[in-house]
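**Student:** Sequences listed follow chains A and G, in order.
The first sequence begins at 1 in the numbering used here and counts up by one.
The second sequence begins at 1001 in the numbering used here and counts up by one.
What the hints contain is simulated information worked out from the structure, not anything from laboratory work.
Just so we're clear, the structure is a prediction, and the values are computed from it rather than from any experiment.
Keep in mind that a hint or two might mislead.
[Claimed, not checked] Some chain A residues judged to face chain G by a derived CB distance under 8 Å, without partners named:
(1) 80
(2) 81
(3) 82
[Claimed, not checked] In silico DSSO-like cross-links for lysine-lysine, where the CA-CA straight-line distance does not exceed 30 Å:
(4) A:259 x G:1222
(5) A:164 x A:29
(6) A:222 x G:1230
Even glycine gets a Cβ: it sits at the ideal position worked out from N, Cα and C.
What follows is each chain in one-letter form.
There are 2 protein chains.
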Amino acid sequence: MQKLVAYLGPEGTFTESAAIKHSPDAKLKPYPSISSVVSAITDGEAEEGIVPIENSLQGSVNDTLDLLIQHPKTFIRGELVLPVEHCLLVKRGSKCEDIRVIYSHPQALAQCRNYLEANFFGVVTVASLSTAAAADQVKNSKEIDAAIGTTRAASLYGLEILEKRIQDNQYNVTRFAVIGPSDHEPTGRDKTSLCFSFEDDRPGLLYGVMKQFADLEINLGKIESRPTGKSLGQYIFLVDLDGHRAGPAVARAIEYLDKETSWFRVFGSYPRYE
Amino acid sequence: MQKLVAYLGPEGTFTESAAIKHSPDAKLKPYPSISSVVSAITDGEAEEGIVPIENSLQGSVNDTLDLLIQHPKTFIRGELVLPVEHCLLVKRGSKCEDIRVIYSHPQALAQCRNYLEANFFGVVTVASLSTAAAADQVKNSKEIDAAIGTTRAASLYGLEILEKRIQDNQYNVTRFAVIGPSDHEPTGRDKTSLCFSFEDDRPGLLYGVMKQFADLEINLGKIESRPTGKSLGQYIFLVDLDGHRAGPAVARAIEYLDKETSWFRVFGSYPRYE
């Protein structure tokens, strides 16, 4: 049977591009929210799911982190990093100077602010639910307007690309997590994502964990914190480490977390995206 | 001359309540965005500004963190922690069973989701730009509808409080930062907020800083990371420490940061909110 991969939709968004890149031969199905992608995994409806987890400009996607924290049976089994390249999309034959309204997701509008000010000063910008929804609006509009979206949205909605790479910061990439009911077997070039918290806020507890990682010569790629929802000073720390949980160093670090933290969870080990 | 305190408006929001609590005798002026509050400080228009910096359920307010990172002449000089208590506001005489639409900021709607499902199943919820804007909408509506907002919004917009404390999680507090052109002199019960980053992602750099804090017996209240915007693996780390930058331990830690990090900035030392 063909593998089913759930992704944060709709079609024509960057997450769909990530899903196509990850699983070109699978059946891809869009879901309306990150939490519904997670439910598709926990319900056994889909074998894998693709959700954004981090952007180089905006930082972590908190919805994804909070859902991973809450769902002990959902694991990270892979990652992909894709450049975010915004295009200006119009109906065929529209000219730059006739554009009256530009639609897009608020984040895409924000990421192209300088471009819009330099080229479309005074043109109204309108927020859409996604870059794909913006393309759909332009397709169905009777006016001459434009959307900021992907090249894929252009072909899906029969629009013309008036200009490519209109984002202000050319280094704009998004990291996507591949989630599933289990993580990935060792490949020799793996990383492990995990999280932990402490009951009390005794000084040095976080330092103790960091020391353990350092003593085991484990490289820490990332450290992040999320509120526990219990008290303002209490956090769940999320870290990305080099190595697989089946390897000796990470396994010993996990043993330490089991003993020294009040709660921890391994999101999974998976091959580093290269 | 009366002190001018800028705050993230409009009137009737939790940030206004924080501003009133912080400076009951000052002239308070609402600003439309966090960045405009920061500009009011850098332009010398206001002497102090009040902005939300962290919520116990949602986590950090990234806009505030990113603006502090970008504005080297804006300092944190105080903090306040306020409970978030949502109320159901209606026009005088409206009855629960007649309510057709409930307006509020998306975050307030999300924080009262269980209450709304239990008591207003099937009633339409509509997103507003702020809880105060929601109260204003109810005031001017010809229908019988409701807003989720503060007790202060009720009195400002002449609405009746149908029910108090309707938030699902009773432990819902927001921390506000008092910002200004300088930080606070030592009081003996202080904390210091600062941030730093590294040019390369050599393992152990962050650990080295943590070790320094531990060796100096400095308690770390919080650690957070924000993207540098340069590369996906590069972060700016933001920490809150116990102690004043004028005290010997924190002063030595700052000397260390000056030597061992590629960039750092002290947001300020200020009395801990108690």
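**Student:** Hint check: residue 259 of chain A vs residue 1222 of chain G, CA-CA at most 30 Å. Holds or violated?
**Tutor:** holds (22 Å)
**Student:** Given the hint that residue 222 of chain A pairs with residue 1230 of chain G, test it: the Cα-Cα distance must not exceed 30 Å.
**Tutor:** holds (15 Å)
**Student:** Going straight from one Cα to the other, do residue 164 of chain A and residue 29 of chain A come out at no more than 30 Å?
**Tutor:** holds (27 Å)
**Student:** Holds or violated: is the Cβ of residue 81 of chain A closer than 8 Å to a Cβ in chain G?
**Tutor:** holds (6 Å)
**Student:** Min Cβ distance, residue 82 of chain A to chain G: is it shorter than 8 Å?
**Tutor:** Violated. Min distance 11 Å.
**Student:** Please verify that hint: residue 80 of chain A, Cβ, nearest Cβ of chain G, below 8 Å or not.
**Tutor:** Violated, because the Cβ-Cβ distance from residue 80 of chain A to chain G comes to roughly 12 Å (cut-off 8 Å).
Violated hints for the displayed structure, listed by number in ascending order: 1, 3.
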